[in-house]
Every structure is written in C-alpha cells, then in structure tokens.
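Chain by chain, the residues:
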Amino acid sequence: MRSLLYVSALLSILFARNVSADKIKSQHFDRVVAPLLAQRCLSCHSGDEAKGDLNLSTHDSAMKGGESGVVIAPNELSHSLLWEYIESDEMPPKKPLTADEKEILRTWIEGGAVWGTESIDAFRLTTDARAGTDWWSLQQLQKPQLPPVTRTGWTTNPIDAFVETKLIEMGLAPSPAADRRTLIRRLSFDLLGLPPTPSEVDAFLADTSTDAYERLVDRLLNSPHYGERWARHWLDIVRFGESNGFEYDQPRDNAWHYRNWVITALNQDMPYDEFVRLQLAGDLIDSDNYNAAAATGFLVAGPHNTTLPANDVMRMSMAQDELEDLVGIVSQTFLGLTTNCARCHDHKFDPISQREYYQFAATLTGVTHGQRKMQIALSDDQQQRLTAIDARVGEIALALDSIEQPIRDAILAERKRGNEAVQVPPVAFAAWEFDQNFDDSIGSLQGISNGDARIEDGCLVLSGTDAWVATAPLAIDLREKTIEAWVQLNDLDQRGGGVISVQTLDGATFDAIVFGEREPQKWMAGSNGFVRTMPFNGNEESEATQRVVHVAIVYLEDGTIVGYRDGKRYGEPYRPRELQTYHANQTQIVFGLRHSPAAANKMLSGRIQRAQLYDRALSDEEVASSAGVVDLNHVSQTQIIARFSPDQRSRFEQLSADADALRSEKESLANLQTVELYTCVSQAPGITRLLKRGDVQSPAETIIPAGLSAVVGVNPDFSLAADAGDADRRLRLAEWITHRDNPLFARVIVNRLWQYHFGSGLVTTASDFGFNGGTPSHPELLEWLAMTLRENGYRLKSMHRLMVTSAAYRQVSTRNVQSAKLDTDNRWLWRKSPLRLEAEEVRDAILVASRQLNSTVGGVGYRDVRHFEFKGSNFYESIDESASDSLRRTLYRFAPRGGHNPFLDTFDCPDPSTTTPRRATTITPMQALALMNNDLVFQMADKFATRVQREVGETGTTVQQINAVYAHAYGRTANKSELDLGCRFVEKNGLASYCRVIFNSNEFLYVP
Amino acid sequence: MNAMNQNSNRRGFLNFTGNSLTGAALASLWMRDRVASADAVPGEATGLPHHPAKAKRVIHLCLCGGLSHIDSFDYKPELAAFHGKSMPSGDRPATFFNQIGLIRKNDWEFKQRGESGLWISDLFPHLAEMADELTVIRSMVADSANHTPATFEENSGFRLNGFPVMGSWVSYGLGCETDELPSYVVLPDARGLPAGGTINWSNGFLPAQHQGVSFQTTGPVIHDLFPARDLSMEHETASRELLEQINSIHREATGDEDALVARMRSYELAAKMQLAVPQVSELNQESASTRSMYGLDREETADFGSRCLLTRRLLEKGVRFVQLFSGGSFGSPRINWYGHENVKQNHTQEAARLDQPVAALLKDLRQRGMLDDTLVLCTTEFGRTPFTQSAADNIGTGRDHNMHGFSIWMAGAGLKPGVAYGATDEIGWKSVEKPVHWYDYHATVLHLLGVDHERLTYYHNGIQRRLTNVHGEIIQDILT
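Here the protein sequences line up with chains A and B, keeping their order.
In terms of our numbering, the first sequence has 935 at position 935, counting the first letter as 1, and numbering is strictly consecutive.
In terms of our numbering, the second sequence has 116 at position 116, counting the first letter as 1, and numbering is strictly consecutive.
Just chain A, with the same shape it has in the complex:
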C-alpha cells in the first residue's frame, strides 16, 4: 500500500514535470520560434496559396508538410527536410538564416518540435521584408515630450524645438531668418498660389509692429484665394478630372461642383474630419443638400469606363478594376495605406489580408457614377418674384376658366343627351394580346419567343434572365410613334429591363419603355447610348408588382418624347434631339428586352398582358382612352377650343400667351434653383464575395463590410450584415476613417500640409505610410503635429499658421556649402528649400504680372480645348485661350483626361487619371520651348509692357519701366547692372520683348 502510494506520487510528479516541460517548450515556441517563422518563412509559406503547398503558419499544416512530403520530423533532425533546406542555405532563398537563427530551429526540432498557439499571426511582427501590426504608423498617437530649448532666440514655436534638436544631432545649424521681401513672396505663393502685389510688399515692409508677420499670415489665410491654392493640392491627390477617360472619354460638364465645394470648404476652415466625412458620405448624411452632394464628387473623381461588353464576366471584371481604383484612392488619401494591393492576395508588405481588402471594398460597392439634380436656395428677391408669378398665373387660370366653363358645361350636357359619342380607343398599327401566342392581332408583326419566354394566363411571362420576344421586321418606315404596354413587374428593384422596344435589327438603335435603368424604380424612354433619354421625373413606381399598370411613350415629329402611366402624363415631356427614323425591313419590335443583343442586364422580370404599337403620336386623350381611364366628365381643351367665338379665341390666346411667359420665367427661376451635378449616386450594394486571386470567376465566401484591423485603436467591426444597405456601409466607413482614435487620419494630413509648405513631407511618401513608404525624419514632430491638429478640432488653418510662423519656415533658402555637403536634400531643414512654381502658378503669375487675371472665385471653369465627338469618342483639341473671360486662375481649367494642356504639361501638371500625392519637378527643353514660344506668353508680355508703360506715364524713363517690371515680377527693385542690361535691351528690342524674357527667368519661376 505504501509502495503503491509512493509510486503513484512519483508518477504524478513525473507527469506534472512532463506537462510543465511541454508548457515551457510551447511558451518558448510562441516567444522565440514563432516570431522567427513569421519573419523569415511565412511571407511565402502561409495562406491558401502557400509556396510548395507548405503552410507553416499552423501546427497541423506545418506537420502535414507540402509537395515534398513531411518537412518536420520531431526529434529527428536528419529526417527533417525543413532543416536540410535551412542548413544548406537553400531557404529562405534570398537571405539565408544566421547561425543563431538556425540554432533556434535546430534545437526546436531536436526538442520535439513542440508547437505553441495554434496559428501564428504572420501580420503581428514587422520583419525586414514586411510591416506587422507593430508598424510605427499604425500605433496610437502619443504626445511626445517637447525638447528643451537649446538655442534661445531661434525657436518661435514647438516645431522649432523638434527641428533644432535634430539639426544639432546631425551636426547642422539653422539658417538665419529671411528678409521681409522674401517672406511675403514665399507666403503669398505658398498660401494663395499668387505673387504679392508691389503695394502689398511695400505695406508689409512699412509695417513696424512686432506681429506684422503674424498679421500677414492671417490676412492671407482669410483670402478667398487660399481655398483655390489648397484645393489644387487636394485635387491632385484625388485625381480630379472632368471626363470619363477610356474609349469614349465623355466630358463631365457638371463635375466642377466638387472643385467648388473643396474651395469653399477650405476657405471656411471646415474641420478636416467633417471635410472627409462629407466626401465619403455627404449624400447619406444630408440627402437633399446640394453641398453634401457636391462633396461626394470625390467618390467619382476618377476615370470611369462606359464601354460595356455584353458579356457578364467581362463587365464584372471591369467593375472590380474600378472598385480597386476606388479602394486605392480612399485608403491612400485618408489613411496612407495601399489597401488596393491586397485584391488578389494578402498585402505583400503591410498587415492587410485579402479578406480585409474585400471587407473594405464592400463598404464602397454602393457608389456609382451619375448625375443628380439638387435644389439650391433662392434669394429673397427671386422668392418674391416667384410668389408674384404664382399669384398672377392663378388669376389667369380663373379668367380662362370663366371662358371655358360655359362651353364645357354645354358639351357635357350634349353628352348626356347622347349627341356626342363616347370616345373610342384609337386603332393601333400592331397589337399583341399574348392570349395564346406571340402574334400581332392586327398586322403581320408575328413574334418569336427566345429563351424561356412563354404565355401563361393570357400574359407574356418573362423570367428576367433569359426570356424575350422579337418580331418580324416592319414593312414601313416609322417616324412618329407610340408604344404602350400593360405590364406587371416581379420586383421593383430590377434595373434596366425593357418592356417594349422599337429597334433596328442589330439592336444598335432603339427606343424602348425601360424600367429602373438610370434611376431606380422609375420608368424611362430607353435609347441607344441614352441619346434620346432624359429623366421624365415621374414618381417612383410602387404598385406595378401588385397590379398591371399601363405605360406608354409617345414620340412626336419634333422630337418631343412624352411618357404616360395609367393614361396620365408620367412626369414631364422633353425634347432631347431629333426624332429617330426607323427604316422599313430593318426594324423590329422586341418585348422583355431593352435591345439586342440579349444580355441579362437588359431583361425585364415580369409579365406583359398586352402591348400595342402606333405609327403616329397619340394625343393625351387618346392615350387615356387606350389606357381605359377615360373620364366621361372630362372635356379636352381641343374640344373646347373648337367651339370658341372669335372674341373668345383672341381673349383666350392673349391670356394663354401671358401665362406661358410667366411660366417660362418661373421655369428659368426654377432652373436657377435646380443644379445638376456629376456626383456619387447611391445604389444597392449587393453581396460581396471574396474573389480568389481577384478573379471574378472564382468567388469564395461571403464578406461582411468592415474596416482594417491593422489600424490600432478603432474597431474595424461595423456590426453590419452582408446585405447591409449603402447608407450603413459608407456612414460606418466614414465614422471609422475619421474616428479620433484612428492614428493615421491625423498623421497623414499634417504630413501633407508639411509637404506643401516645406517642399517635402516629414514622411516623403505622402500617400503611403506602410512598409514601402518612408519613415518620418522627425517622428516626434509628426506626433506632436497630429495630436495638435486633433486637439484644435481638426482646423487646418491653425495648422498652417503654426507651420508658417515657425522659425524653420522663415529661414533663408540660400545654399550653405557646408550644410549641403552633409544634407543635400535638406531633410533636416538647415534652410528653407527653394521651390519652383507649379504649372498653375506659372500661368497665374504671368497673368497677375500682366494684370490680366480674372480673379473670380469659384463656379464653372474655362475651356482651353475644343471638344468634338468623332465616331462616338470624345476629343479635346487645344485652342487659343486668350479670350479674356478664360483668363481665370488655372485651377479652373476644364480638365478632360484625353486633353491636357501641353504648356502646363511641361511644368509637370499631373495627369488627372492618376493620383499625384507629390508632384515631380522636372527641367526639360520642352519646358523652355513652351515658356519662350507659347502664344499666351507673347500676349501677356504685351499686356505687361502696356501696363508698365501706363503706370510710369508718358514721361517715364526706361529705368522707371524696368523698376516697375522688377516690382511686379520679382517684388523688388533692379540693381545697377540689371538696369543697365535692361535699358540696353529695351531701347533696341522694346519693353514687351523684355517682359517675355523676364517670364522666362529663374527668379520669376523660383520662390526663395
């Protein structure tokens, strides 16, 4: 018994010791082995597509081995293929393991290859090949300690303390402050994108107060031109362009509202978080607000392909390409993350999984390109006029009624006596009853069913996926026409199905009754390339699933198109262009399909009870009659007019003309009130699936819309269902991105501001804070700036103020040979980097010097291109832009993707098809040619000369003229040798030629 107890105790001790030994080993694995595997092996050997089919990220898969069989044999080093590869330096392929690292794996295998936590998180730790979730930019903001001030007298605000500390560390010293002339020129270009005027320079020089500089900064920040200058930076980032790009490259005439909104928002100093929220979800936050709708122009600022293949796979693949582009712009702009790189596989460099790409993308699938009509408020005067018009129109209506009423009564009385026959429905050209077959019961337009189209209960039944009916060709030419159908729908969410369509035999030209194509739940007159399609602005359909509705469209000789629902006008008629002629033997009718060739997105899901075609335009009464909704008490105006006496007729005409005039005035007021803008149109987002290797033909699991887990501090779970609506998705995304605990949100924007002020960001890759991006030159400064921005309520103007009032900013830009040797790129800010004017600033500065700038802020842009359509594609050819109304700031240039301005291009004006977080600055002979030879430069040189001549007067000397040129162009007076040089040249070649040379000079183009 005793011995038994002893043995048992011994056993239990031994057992416990074993357990604890394994536990120690497993902890060792998690602490030492797993990080090594993660750092050195998992970038290839993990996930569904692990190389050699070997997945080392979980215990089971690691022990299972790969294509070459088992690779880890516990306790048996010589049988472990893994060891063989590692020992021979065959793996990892590019950089073998160090002796110490090998030792870790050797002892691990020899010790039994005990595993720890089941799955190794490959994203947890940063390695020399990729960033983990411990990457610097993903961490919470930490307020840094302010460095002690070491060089009294230089620092003006905390920025300088950080800069100075770094300079000392690097063995550098700051440069002295620049003079006032330099400072006002620098500030003016930096904050407004415009040079200071000579009187502004003089005023600043004369201002002896101690806060003269600060007050100048405030004045400039309050100028409306501030918003213009900084909007240009923003538009670079969001790749704002004003045409679709791709094959058709259609112009976006109404895209400028977005640019306008950005200018206004910046001028108002809108908090940055609100600025971003509105761009992501303004349409959802305030659905009827013009400004909010304009803000979401951000979501549709990029290219968009409208050349759609009939093939579904091809269309889906194109949609995924555009979605990737959108994910990229959202994620890079606000987070500095290249989430778009994880579409086909886990991100190669940052801790973003492929699944997370689809989660993120799913928040944006409700975004589509489109136009919206919005109401904007009228002025008080306009409002009063509107009231007056309404009152007068009411009076006229009463007066007309007093003429018409006796006649109407008479007609109704006659009807009662049976003197006038009840109107019979008009006779159609062709009619399809769909009782037993697809035949035309009047003429010979027999239909043939396609797909699973069939007759059931006296209706043509259409599945919506593969069912349509096409008739024999028409034997006559068709111009004016009416098409109508009695139709019931299977669902109201369907988009783009055709009820009845008149089309050429190839389907290339057509006019059709279409449901929900451009606007959900609305009827529209469909046509090829929407050439005869505009919104009727009728009500959204809500009944057609419960009962049969009658829908008709009348096409009049003058091109007017009138829609009807249940015999009544549906919205408003419109006249898009000329009536389409359909030729005999080349035209047919199709039902259930918008037009040929057949494709699922053109199919109607529902049933058609009857349909008719007329070879003429029916009147309102006739449509009503055909719809079977004739009101026996209704007397049409035509009937009344026929019975007017001559006096009545002239009085009627006079009153009608007055009313028409008033209505058209009201309409133009209403047009003022209604603006159409190119912006995001929200659609049902559908269900997102993960696509293996990004391939639309390999859908995998369903994805729930969510944020990125790599961003520490903000919960990526949006608590959404897979089928959540667009509103929930985008609002959550906007909340998540702008959340105060999102560290990237503030870091990225303060770095952008720094870049534009100083020429280079603290992080040089402004839209990439991931592994491939740069690391901050002054990490504590970046933290401090980000925290400060957050604390001051995300006000950008106060951040500008902080930066430009720093001593670092106010340094001279003069080259210091010693410092340049140590730090050529001026990364440590031993001086202010001189900057070349950007393309827009070059043109603007020329216009200012020549006093030709039209400085109107905001509104529609100017066009320096001739737009023409050629064989369906749109082209934009450069034209002379000297007409004075076009001499606005270059920011307002209409920017089609297919039509750049060659002059601006040479100065690195970016391609609006691609995001430009930082512009290149190149120097090329093409640039020299442009500035020497462009017509605008000559014209402006003339104007500059004229201006100067006028200023100095007829008695003015050449010296005075040259000094005036220097004042306008450089903000200073000329020195003796410059005057001598100038006088000699001007006297021989004229002042205008002199001005042309000045425009080409380095001093004109570089801001010190």
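It is worth saying that the hints were derived from the structure and are not from the lab.
Just to be clear, a hint being listed does not mean it is correct.
[As the list claims (entries may be wrong)] With a straight-line cut-off of 20 Å between C-alpha atoms, the simulated SDA-like cross-links for lysine to any residue are: (1) A:Lys988 / B:Glu241; (2) A:Lys692 / B:His471; (3) A:Lys102 / A:Pro74; (4) B:Lys56 / B:Gly318; (5) A:Lys348 / B:Tyr459; (6) A:Lys871 / B:Glu341.
Starting from the known structure of chain A, fit chain B onto it as the hints suggest.
Only chain B this time, still in chain A's reference frame:
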C-alpha cells in the same frame, strides 16, 4: 488667330523647311551623360543598362481595333473544314457582343513565304516578302476584350488610365541618344487620334519628360517649337543673351543651385531642338526612289509611308522610341482595324495603307544595317474570333474581339528571324501552346534593350512600379 499661327499652319508636316533659327544654336554641347549630378535632371533611372543591350532603339507599330490573326499570321487549315459549323467544343463562347455566329474560314489565302517558310496570308503581300525578318508570336493572350482597356494593357501593362506606357518606361530607363530630339516620339494616324487621345502616350506617374511627344501633321511639328510670332533672328538672339545674363546675376545671389543651373542649360537644348526637328522632318531630302519605295507617291500609302520614313530618320538621329498608330478611334465609317461588320472589306482597306510602307521600312533598315540593333514591334490589342459576329445559325462577315488568342510580330535586334512561336487551338480561338501575355512581351522587349524588367522601377503610392507589374517571363525561345 494671330499672324504666327497662320504662318505655322503653312509649315506643313511633310514640307517643313528649315526655319531660319540657325544663328540661335548655341555652341555648347549638352549630352545627357554630362548632366553629371543626378538631381540636376531628376527623374531618370540610374544604373542602366542592366546587361549588354541587343537593341538600341524601338519602333512600335500599334494597330488599333484588333487585327484578325486567323486572316493574317495564324494559319489554321482546319478552319475551312469547320466553315459554317458551330464551335467544335460545343461551348458557347463569351465575347464582347455575345453574338456567336458560325465559324468562318479565313478570307485570305495563306502561303509559306521566303526561305523560312513562315505562313503569312495575302492580306500583307509586301510584308510577306520580308517574312525571313519576322518573328511571329501566335499565342498572345490579353485580359480584356474591351478596346481601350486592352490597348492600355498592350502599351502600359495595366487596364486602367494613368499608368506609364512602354515608350515612357524606355525613355525613363535609357534616355535619348541625342539631346536634340525627344526620346519618345508618337506619330498618330492622319485620320485621327486613337480613342482616349493623349492618354495613349501618357507618362502616368513618371516625370513629364518621358511623355510621348506627338509630332503633328498640321501646324508646327511639335507644340511651341517656334515662337508664336515672327521674330527676327537678331531679336531672338538678343533675347536669349539677355535671359542668360539675368539668370547669371541671379545665380550670383543664390549660389550654384543645381536646378537653376539646369534650367539655364535647358534653353541651350531647346535651341538645338529647334534646329534638329525641322531637319529630321524634311522628307524631301530623301531620294525619289526611297520615297517611292515607302509609298509616298500613292494616296493610300502616303500617310503611313511618310510616317515610316520619318521614323527611320528619327532613329538615325538617336530617338529611342517611335510609336506609329495604324488607325484612329472607333465608330462608323471605320478608320481602324475594326472588323465587326466585315473583316474582308475593313482589313483590305487598312492593310493597303500599311503593307508596303512597313515592308519598305524593314527593307530600308536592313539595307542600312540598322535592323541589327533596332527592334521593330507590330502589335494589336487583341485578335478576332474564328466564328462570326452574327445570329447563331449564320455565317456573318464580321468577327468579334478575341482576347484568348491572337498574333503579333517583332523583327530585328536579338530575335530569331523567320520563326513563329506558340500556337492557338485548331481554329484559332484560344492560345494553347506556350501562351504569351503582354507582361512576357514587355519583359522580352526590355530584355533586348538591356533592361531587367524587374529592376526598372519607379516608386509610386506604396509600390516600386514596373511595366510588368508582378509578372513577366522573358520569351527565351525567340532570342538569338
């Protein structure tokens, strides 16, 4: 319009006479190698070539609209047997317009040509005579059957707007052999620009000097090449001297700022370009027989012939990359390789414009010994389907887009001549043997230029971008 523009309109492209700016040419030479400090002319790749180059320069003939491979370079004897039948596999293929008619045999007869016995159809009788110079790839594959994304992919490796095209990449990587002309020149079809206009020669995110410079057929050859006004030579020289002096005074104050010095030098280069461009565009300097060989004397070949001849002259002067477009935008009537309605009629029209000039270009380059270090590329965004684009029971006359299999050809430096590489299936529908993607083609072109496609990179938004994205296998089998 002012006097200048009227004047420049008189200076036609093909009768461009040397402008009187001779005196303005400034003495100092300024070759690219002498831009010693890299930051003086930022934005050029360094460390190139990566290996000895076989080719020094490139001509790219870009055929817009989709050349029917089975009617030109991909001989499919089986097609005749399948004529009037549906797809042998019984599949319903997916195409752009989804109208799948019956199979149609080739509309042109194929013959074996030259000593190599390369199969080329009668669509290109002149080019067929140069068969022994051609390297045909018959197993091309693209990712889009939509013209513009497919054309973007053909030229930039990506289907979206905004990526640099190959000409820009080559310019970025290798610069120009001359400082008098742009490194990447584009010669659009006289009938109009391809759809998307200038997007097709975009530098994307590469620095601006790598944008394709389009030589215009009317007006000045290059935008702003000459002053918008008529100025005397004396006046222009004085202006340039004044600029030099003003900048020098400024330089004293600022110190030797690299950028400022480079700007001063850029005016010297500009002056040289003003001399060189009109000279190189002066086709009348060529002999009558040369002009005739290129087809300048016949209406249908004059446009493409002039551009081919100009191409040779540009290359002789050291231009790195010349891209010629055959065809403009889409729409009716057709002005590119757009055979939806009627391949026979459309391709006859287009081939007649290009066949003789391209054959002449190859012959001329060979005679001058230039083909040894010049690469000629002839590509199209995709091919055309073996079945017609028509009703299902019908043999139509047009063919739809085919991204699954099509042909391109290359010629010149470093290539095995007179060979065909890869194969499509029996009817030319899909590439089945050694498929070649655009990435592989791009990698191969760069390789011939001495460039490792994985090392020619430019940082943009988180990625060291490449022409070949993350793909690209060099087609070793076609290299000498």
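Evaluation of the provided hints:
At roughly 13 Å between alpha-carbon atoms, lysine 988 (chain A) and glutamate 241 (chain B) fall within 20 Å of each other, so this suggested pair holds. Distance check on the hinted pair: lysine 692 (chain A) and histidine 471 (chain B) sit about 18 Å apart at the alpha-carbon level, within 20 Å; holds. A distance of roughly 16 Å separates the Cα atoms of lysine 102 (chain A) and proline 74 (chain A); the hinted pair therefore holds under the 20 Å criterion. The suggested pairing of lysine 56 (chain B) with glycine 318 (chain B) holds, with an alpha-carbon distance near 9 Å, which does not exceed 20 Å.
Note on lysine 348 (chain A) and tyrosine 459 (chain B): the hinted pairing holds, with a Cα-Cα distance of about 15 Å set against a maximum of 20 Å. Straight-line distance between C-alpha atoms of lysine 871 (chain A) and glutamate 341 (chain B) comes to about 16 Å, which keeps the hinted pair within the 20 Å bound.
Going down the numbered hints, you'll see the structure goes against none, and every one checks out.
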